[in-house]
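Asker: Since chain A is already given, all that's left is putting chain B on it; use the hints.
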Amino acid sequence: MTDDGRQPDRRSHEEWVDELLDRRADDPEARAIFDRLRADLDACRELASLKRATDALRRTPSAPDFTTDILHTVDRRRRFLPARLRRMVTVGRVAVAAGVVFAIGVTAIARRHAPDLAFTPEPSHLSTLVSSGTSEARACAKTVVAAVGTIRDDLTAPVAHVVAVPVRTGDAPQRYVRYRSNSLTFDVDRQPISVSWQTETPVVGGSGAADAAGWVFYQDDASPRLGGSTYASRRAAPDLIRAGLFFEFWYDPAPSLPDRFEHASRDIR
Amino acid sequence: MDRAQERRLIRRAAAGDKQAAEACIRAHQQSLYAYMLRLSGRPDVAEDIVQEAFVRVLTSLDRFDDRYRFSTWLFTIARRLYVNACQKHKPVYESDVVGGWHSSAEGPESPVIDAEVHENTRDSLQAALLRLPEDQREVVILFHQQDWPIALIAQHMGMPEGTVKSHLHRGRRRLRAMLEASERDAARVEEAWR
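Protein chains in written order, with the working numbering: chain A, 1 to 269; chain B, 1 to 194.
With the rest of the complex left out, here is chain A (with noise of 0.2 Å):
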């Protein structure tokens, strides 16, 4: 108990010296906690020292000044408009969004009632990608062998004998897909008469469809016209193939000369 009758305060002097640089002692309760402080020197020494640390702060370095640049980088970003022109910006920006939310709102609406009305693209089944691809890959059957009979028309002779290589100069997907010259074969009066072809259509497509059809399509590494020398053939991916509309066709008439192609073409659609 004190002299007054009040507990003691228990506080160290640092809890006393952190209420002073706190400043979270009015004016007499600051004097109060120094007169404290004063008697003990150590605490004395902490305040002084925490003082100059913390005074230390205060010195704030000069700095540049700014004012033009910033007003400059306002301006070119977005200039000092006058209100109304500003209102104008304002009312502009407000109006596209909402016609945008507007035009999602018609969509919606449009599709809610006409499901079937369809914007963009819908995902199929694996199914009906699968019997899509088999009858374009029958369909392409059916087109080489039309495109044969219609060249037959050209030959002197019948047709015995068809083999269609695809040549192909990579795995991806090409422009035209060309049939080696001594690979698509017309035996004509059991004399190989070579021709080489090529779609017009890119192909890819048909998952299954060419094995499906029945066919047996190979893959060539290059065009023998592109300078492709090998003929390393191994089974095409039979999801590469698919029906052309569109063939081209160059006989050969002297196979062992590999550049002398006559050109016809056939529109078979």
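Just so you know, not all the hints are guaranteed correct.
[As the list claims (entries may be wrong)] Facing chain A, from chain B, some residues (calculated, C-beta under 10 Å):
{"hint": "1", "residue": "Phe54"}
{"hint": "2", "residue": "Ser124"}
{"hint": "3", "residue": "Ile141"}
{"hint": "4", "residue": "His156"}
{"hint": "5", "residue": "Glu180"}
[Unchecked claim] Beyond 10 Å from chain B on every Cβ pair, some chain A residues (computed):
{"hint": "6", "residue": "Arg23"}
{"hint": "7", "residue": "Arg86"}
{"hint": "8", "residue": "Gly92"}
{"hint": "9", "residue": "Phe102"}
[To be verified] Now the stretches of chain B that chain A is said to cover, found in silico as 3 or more residues with beta-carbon under 8 Å:
{"hint": "10", "stretch": "10 to 23"}
{"hint": "11", "stretch": "165 to 171"}
Hint data in this document are derived by calculation from the structure and do not stem from the laboratory.
A virtual CB, placed ideally from N, CA and C, is assigned to each residue, including glycine.
Answerer: Frame of chain A; chain B shown alone:
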């Protein structure tokens, strides 16, 4: 500048008054620069952030809520820019090839900080500040340099007032210890040269 004056100035600047915008910049650029410089320890960083903070504030004055002080808003934006810049530069300043930006994870013994202290900062106060953990440093700067009350610092930094007080308590003592150590070192060097 009192609150009413400040509000009027901001209203005029928001309405497109260039002179009012200029007055806003002049009123706050010194304190914001001092804060950023002490926080980052790099004048170039402080300059960039001060300019960018003012540009952002002045281009979105219509969103300013005048229940708060303009300076609080400005400092909050500057702080966010500084934190973003630190995160962006983190891989650079963590390598010891480039010693510019500092990391709060690095302790007082860090060689990167030591090199930085010797090369980039000349005064012992800045060196000592850079050795403080980030939160402590910011609390000490806001309280002792900017004279912000503890409650405002707590709000600005998103931490309880008790945590701010404890950061202040520890930060001040660490700062004092480092300043005294640097003074002792300086005295020893001076003695050796005599």
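Asker: Now look at each hint and say whether the structure bears it out.
Answerer: Hint by hint, here is what the structure shows:
| no. | hint | verdict |
| --- | --- | --- |
| 1 | Phe54 | 5 Å, holds |
| 2 | Ser124 | 9 Å, holds |
| 3 | Ile141 | 7 Å, holds |
| 4 | His156 | 16 Å, violated |
| 5 | Glu180 | 7 Å, holds |
| 6 | Arg23 | 8 Å, violated |
| 7 | Arg86 | 7 Å, violated |
| 8 | Gly92 | 16 Å, holds |
| 9 | Phe102 | 26 Å, holds |
| 10 | 10 to 23 | holds (count 6) |
| 11 | 165 to 171 | holds (count 3) |
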